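Enquirer: Line by line, the protein sequences are chains A and B.
128 is the number that this note's numbering gives to position 128 of the first sequence; each next residue is one higher, with no gaps.
56 is the number that this note's numbering gives to position 56 of the second sequence; each next residue is one higher, with no gaps.
None of these hints come from the bench; they were simulated from the model.
Among the clues, some could well be false.
Intra- or inter-copy, both count: the list cannot distinguish identical chains.
Restricting the straight-line Cα-Cα distance to at most 30 Å, the calculated cross-link-like pairs of lysine-lysine (BS3-like) are [as the list claims (entries may be wrong)]:
(1) K281 x K304
(2) K97 x K346
(3) K259 x K236
(4) K375 x K281
(5) K379 x K97
(6) K71 x K163
Note that the structure is a prediction, hence the values are computed from the model and not measured.
Number of protein chains: 2
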Amino acid sequence: MTPKQNPTYHAPTVGILGGGQLGQMLIQAGIPYGIQFHVLDPDPEASCQPICAHFQTGSFKDADTVFEFGKNLDVVTIEIEHVSVDGLKRLAQHGVKVYPQPEVVALIQDKSLQKQFYAQHGLPTSDFVLVNDQDDLLSKATFPIVYKSAKDGYDGKGVQVLKHADQLPETSVFPGLLEELVDIDKELAVIVARSSTGESTTFPMVEMVFNPAANLVEELISPPHVSQQIQELGAKLAIQLAEKLEIVGLLAVEFFLNKKSNLLINEAAPRPHNSGHHTIKANAVSQFEQHIRAILGLPLGNTKAFGHAAMLNILGEPTENGPAQYSGVNPLLGIEGAFFHLYGKKQVKPYRKMGHVTLLAHSADELQQKIIQTKNLLKAHA
Amino acid sequence: MTPKQNPTYHAPTVGILGGGQLGQMLIQAGIPYGIQFHVLDPDPEASCQPICAHFQTGSFKDADTVFEFGKNLDVVTIEIEHVSVDGLKRLAQHGVKVYPQPEVVALIQDKSLQKQFYAQHGLPTSDFVLVNDQDDLLSKATFPIVYKSAKDGYDGKGVQVLKHADQLPETSVFPGLLEELVDIDKELAVIVARSSTGESTTFPMVEMVFNPAANLVEELISPPHVSQQIQELGAKLAIQLAEKLEIVGLLAVEFFLNKKSNLLINEAAPRPHNSGHHTIKANAVSQFEQHIRAILGLPLGNTKAFGHAAMLNILGEPTENGPAQYSGVNPLLGIEGAFFHLYGKKQVKPYRKMGHVTLLAHSADELQQKIIQTKNLLKAHA
Numbered sequence: 001m002t003p004k005q006n007p008t009y010h011a012p013t014v015g016i017l018g019g020g021q022l023g024q025m026l027i028q029a030g031i032p033y034g035i036q037f038h039v040l041d042p043d044p045e046a047s048c049q050p051i052c053a054h055f056q057t058g059s060f061k062d063a064d065t066v067f068e069f070g071k072n073l074d075v076v077t078i079e080i081e082h083v084s085v086d087g088l089k090r091l092a093q094h095g096v097k098v099y100p101q102p103e104v105v106a107l108i109q110d111k112s113l114q115k116q117f118y119a120q121h122g123l124p125t126s127d128f129v130l131v132n133d134q135d136d137l138l139s140k141a142t143f144p145i146v147y148k149s150a151k152d153g154y155d156g157k158g159v160q161v162l163k164h165a166d167q168l169p170e171t172s173v174f175p176g177l178l179e180e181l182v183d184i185d186k187e188l189a190v191i192v193a194r195s196s197t198g199e200s201t202t203f204p205m206v207e208m209v210f211n212p213a214a215n216l217v218e219e220l221i222s223p224p225h226v227s228q229q230i231q232e233l234g235a236k237l238a239i240q241l242a243e244k245l246e247i248v249g250l251l252a253v254e255f256f257l258n259k260k261s262n263l264l265i266n267e268a269a270p271r272p273h274n275s276g277h278h279t280i281k282a283n284a285v286s287q288f289e290q291h292i293r294a295i296l297g298l299p300l301g302n303t304k305a306f307g308h309a310a311m312l313n314i315l316g317e318p319t320e321n322g323p324a325q326y327s328g329v330n331p332l333l334g335i336e337g338a339f340f341h342l343y344g345k346k347q348v349k350p351y352r353k354m355g356h357v358t359l360l361a362h363s364a365d366e367l368q369q370k371i372i373q374t375k376n377l378l379k380a381h382a
Numbered sequence: 001m002t003p004k005q006n007p008t009y010h011a012p013t014v015g016i017l018g019g020g021q022l023g024q025m026l027i028q029a030g031i032p033y034g035i036q037f038h039v040l041d042p043d044p045e046a047s048c049q050p051i052c053a054h055f056q057t058g059s060f061k062d063a064d065t066v067f068e069f070g071k072n073l074d075v076v077t078i079e080i081e082h083v084s085v086d087g088l089k090r091l092a093q094h095g096v097k098v099y100p101q102p103e104v105v106a107l108i109q110d111k112s113l114q115k116q117f118y119a120q121h122g123l124p125t126s127d128f129v130l131v132n133d134q135d136d137l138l139s140k141a142t143f144p145i146v147y148k149s150a151k152d153g154y155d156g157k158g159v160q161v162l163k164h165a166d167q168l169p170e171t172s173v174f175p176g177l178l179e180e181l182v183d184i185d186k187e188l189a190v191i192v193a194r195s196s197t198g199e200s201t202t203f204p205m206v207e208m209v210f211n212p213a214a215n216l217v218e219e220l221i222s223p224p225h226v227s228q229q230i231q232e233l234g235a236k237l238a239i240q241l242a243e244k245l246e247i248v249g250l251l252a253v254e255f256f257l258n259k260k261s262n263l264l265i266n267e268a269a270p271r272p273h274n275s276g277h278h279t280i281k282a283n284a285v286s287q288f289e290q291h292i293r294a295i296l297g298l299p300l301g302n303t304k305a306f307g308h309a310a311m312l313n314i315l316g317e318p319t320e321n322g323p324a325q326y327s328g329v330n331p332l333l334g335i336e337g338a339f340f341h342l343y344g345k346k347q348v349k350p351y352r353k354m355g356h357v358t359l360l361a362h363s364a365d366e367l368q369q370k371i372i373q374t375k376n377l378l379k380a381h382a
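All chains should be modelled from the sequences, with the hints used to inform the complete structure.
Expert: Set out below in structure tokens:
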């Protein structure tokens, strides 16, 4: 065995830009790897703070702050993509391993660039056209249509479905892109991990169900209610995209399955993703542990699921503000195969992601019964 | 549903006496419960320090230190039993929930009391006699025999097998007890959890294989190579012991199976235990998560294993001292179902527990093959 295949392992220092729940779960997964985590987040009460001795309050959008935070670390990664790409680039030039790479983060930050990338590489996506301003939009739109701001979208923010010309919002941020309104049958996602060694592997596809009021994932199930063929195609496209991006780390690829059974890439996130939280309980290696392996150049783990799984977000109740408490924990945990994961947020706010529930089952029917049984059981309120 | 069955959940503050690897894994398991952990340990570089914002350096053997550490917390628990019982008692009187209870910790700390407890409650254990000093020992011993100091034993320290009268050690600590030398066929263990609600449940029995040089568990497998009847008897005895002790939290019960197939209780530990580390990967609910549920009065989880599992300790190589590094990580993680868990210890020392390897398999044969394949693969050295 050559030294390259079997290097000596020194427990590394890893910096995370962002200290929210994705960072919290990344730290949890990284503990067995002996990693010393450092976290940068503007919120002194961020989810990572209680479990990170090297928690630093500051802006991950500021290049100097990012550089100073990461310059002495072995690896810097992200749990949110809206970070300073300049800061990441300076770290990479300084010799820090930055995964995902700054160029990938820059591409993903801009939905126009992201969409053009799919088109240029022959990856299936909905039709689109770039627009520079409101007049440009008016001249190119055929209603109904979707308008997306190129930058700063998150959890559906910056995305507008326009049914008529008079729905044009005055507050829209330009430039952006117009996309055909897809006749959606299902929303699906595949998380792929690509290691710094070039190895890639996908987690089983999941099906997402959205809460229309909050425009957040409300529930997901895996495996999804689609053919084996669609599942395999999703895995193939996710790997193709990861390889074409040459990303190191996780890439969560969201798809639309339209009513003609075409699988279209909607968008991608270069980090752990809400659509993979069930893997903490449902798979031997979670998305978070896989990300750790990928960015450390370790062999990727087996992504096979133990069985059927569902995940339900725990959102703050619609009118609740204040110190968080939870009802329904005892009856929930009394159900075999039901788990909760809180994000350690002290304050509850309307629709704030406070945690999630994971359900494990041996069949799709058993899973559906458990979803019905547990839905609205656990509530986050003040 | 009455309020008692469905109380509102407020993420609690939990103090842990001891900040070693058991504490590290307890924190890891407690993250989803939104717990704010506080840890007390004399070593500023203890395993818990990097993942605990409320890490406090100090002696858990000092009553005042223990009281001051815990007096404002919701729950105080332990990851080592050699703590100040007086400190625990003062906390309990102050209104802090102390689990395991101070009286249980006091009983377990004293091997003579522990052994008498088994005898008094009709629980099977090897024959024994209490001894006060060396003359007492000489007058009561029939060689070969085992001498155990009543207090401060740990990982086999304080236990001596005496083959002849002239082997009597001058350094032995008295009082203690003489035990018959059991004709051991196998060493087995069952971890039981008992909740503050009175609910009890056991993890599947494990079989332990010891490293004679280090006198530490080197490898364990689950399920063990014993009959279903013995496994059920072990579970029954573990629950009986937990209930008679009225312990809240985990109790790890170690057994001898003698060559006449009698199952004898050897000793018990009122905390997470080395014989349950595989449950992090091999079960939906680990021993650590179960301990959290037990001390918070939450419903206990399903302890069924996903399949066959083994655990191998990663001990410091016999002559190594210095900053820790590891060889063999890449080939190990390249094996499907093989995982490692490091304890974040900066310094390696001979036979120091640096981490463990977990192996998952679908059959006993596959498990044995993986044990052979991985044994001595991962080494901790300077």
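Enquirer: All hints, please: hold or fail.
Expert: Hint check:
Within a single copy, K281 and K304 get their C-alpha atoms as close as 12 Å, and across copies as close as 14 Å, so both meet the 30 Å cut-off. For the homomeric pair K97 and K346, the shortest alpha-carbon distance between copies (22 Å) is at most 30 Å, but the shortest distance inside one copy (33 Å) is not. Taking the shortest Cα distances, K259 and K236 sit within 30 Å of each other inside one copy (21 Å), while across copies they are farther apart (57 Å). In this assembly of identical chains, K375 and K281 lie within 30 Å of each other by CA distance both inside one copy and across copies; the values are 18 Å within and 27 Å between.
Taking the closest pair of Cα atoms, K379 and K97 come within 30 Å of each other only across two copies (26 Å); inside a single copy the shortest separation is 41 Å, beyond that limit. In this assembly of identical chains, the alpha carbons of K71 and K163 never lie at most 30 Å apart, being 49 Å within a copy and 61 Å across copies at closest.
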